[in-house]
Structure formats: C-alpha cells, structure tokens
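Number of protein chains: 2
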Amino acid sequence: MPGEVSSYGAYELSRDALVAFAAEYDPQPFHLDEEAARDSLLGGLAASGWQACAILMRLNCDGFLTASTSLGAPGIDEVRWLRPLRPGTRLSVRRTVLEARRSKSRPDTGLVKFLFELMADDGQPVMSQTGTIMFGARTPT
Amino acid sequence: MPGEVSSYGAYELSRDALVAFAAEYDPQPFHLDEEAARDSLLGGLAASGWQACAILMRLNCDGFLTASTSLGAPGIDEVRWLRPLRPGTRLSVRRTVLEARRSKSRPDTGLVKFLFELMADDGQPVMSQTGTIMFGARTPT
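Chains as they are written, first to last, in this note's numbering: chain A, 1 to 141; chain B, 1001 to 1141.
Read the hints as simulated data drawn from the structure, not as lab findings.
Watch out, some of these pointers could steer you wrong.
Stated by the list, open to error - Which residues of chain B face chain A? A few of them, derived with a C-beta cut under 7 angstroms, are:
hint : residue
1    : Tyr-1011
2    : Ala-1054
3    : Cys-1061
4    : Ala-1067
5    : Ile-1076
6    : Arg-1083
7    : Arg-1106
8    : Leu-1111
9    : Val-1112
10   : Phe-1114
Even glycine gets a Cβ: it sits at the ideal position worked out from N, Cα and C.
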C-alpha cells in the first residue's frame, strides 16, 4: 500500500567487521585507518558505503524478504550516503512503500517501489535508497 | 575527459566467496543453494547484486581510486543488474567518463560522473552503474 511505513531490524556494526569489509572490497584509507580517516572528508573512521548497502540488504532479508514471494530486483534507482557510518552504530530500517503495481509483461508478478532508510540509533538516517523489488503475486489477475 | 573509456582489473568470483557473501549479507535461497536457484528467475546459482557492487568497488580501488585524489562519493545514481553473475566468472571493469566539472561550493574539488560496467569474460556486462566521485583538484582555480 503506497505510503505505508514500517520499521524493523537491529544490526550493530563492529569496528572489526567495518575494517574487514573495507580490506576486502573498499581499501581506501578512510575506511581502514583511524588516523588517515581523521584528515579525510569523513572526519573519522567510517564504513564503506557498500557495506551500508550490504547491511540494509541483510536487514531486509531478515525483516521481510526471506518470508516473502520476492523474485529479486532489477537494480536500484538511487543510493545516497548521507553521513559517515561509524563503528559501534546500531542500525535499523525505515521502509516506505512508494508505489505498487502489477507487471504488464508478467501479470503473475507484482512490482513494488520502496524507499529504504538505514537508520542510526540517534533516529536519523545514514543512507537512503530507492528501488523496485519483484514479487510473485498472491492472487492471479 | 568526457567520453574517455578505460578497461582494467581482473577478479575471479569463486563459488565459496559467492556463498559466503550471501550467507552474511543476502541470504536469499537463489544466492545460497544451487537447487533453489534453478527454479528461480536467476535460473541457477548467482551472486548477490550487492556483491557485484562490492567487487566493482574493489576493482576501482585497485584500478585507479587508491592512487588518485579521491575524496569519496555522495551516492550512486543508478545500478542495473543486467544478468546473473555466476560462480567462476572472471570480471573486469569498463569505465566511461560522462562528465567532469569543478564543484561550485568547493572550488578545490572536482566532480566526475562515471558509467561503470562490470564485464564478464564473454565481453558483456553483468552490471552497470552511474555515479559521481569527488576528487581533490590538482590545480587550484
């Protein structure tokens, strides 16, 4: 239902997990080293934006996708990294349904466009993301 | 320089790395289990789209970002997962410069908009991504 807002999930990002992800996938100094990060735009050690995306995916799987008829997603329309994601932050998701419709080419498939916000424990988002997920429709047309 | 195209990088995605990423960040059956994946839209085991993003980031770090004056990125404009990314695929990057300009609010910062395509060994992309990266300008205005 467009306009519907849900909140769910709990994920605490440890410093070890932050640095391990960066070492494997995003080895820029400001994601690896406190001292280098202090002199960067991030102003201190902060997670790779791609780790924020991965954590949001995990929270979405646990929060609703795994138990749903999700068929996957063709892509993402927009990702905004709004502020640095620090080690020790406790994260959750605020999900808003933007649009829901039946696929024209595949009438057994529903397309739902979501706004996902990855929320920090101060109640403010660290990342926003919009994209469409495909679902198997519960009732055929 | 807008229009400039570069190709670089080599990354082979193993089945173990594919399943390990999915287990941690995207535990949907079609990213974890061959049999479940066969009956899905993906038609067989395929990587999480977020792992494709993470691999592209790693190839970009090694290919040019780590040695550049990169200051980070505010977000991503669009991600398209074009076809399933299978275990054993050898990946590389095709990068196209779409736009390059000086920041109006921060004249010591350059903003470069890129199209990144994550290429499989058959010469076709598995993912495309557009976004802007901030760089420290080499020459002050």
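How the hints compare with the structure:
no.	hint	verdict
1	Tyr-1011	violated, 10 angstroms
2	Ala-1054	holds, 4 angstroms
3	Cys-1061	holds, 5 angstroms
4	Ala-1067	violated, 11 angstroms
5	Ile-1076	holds, 4 angstroms
6	Arg-1083	violated, 11 angstroms
7	Arg-1106	violated, 10 angstroms
8	Leu-1111	violated, 13 angstroms
9	Val-1112	violated, 16 angstroms
10	Phe-1114	violated, 14 angstroms
Violated hints, listed in ascending order, are 1, 4, 6, 7, 8, 9 and 10; each of the other numbered hints is respected by the structure.
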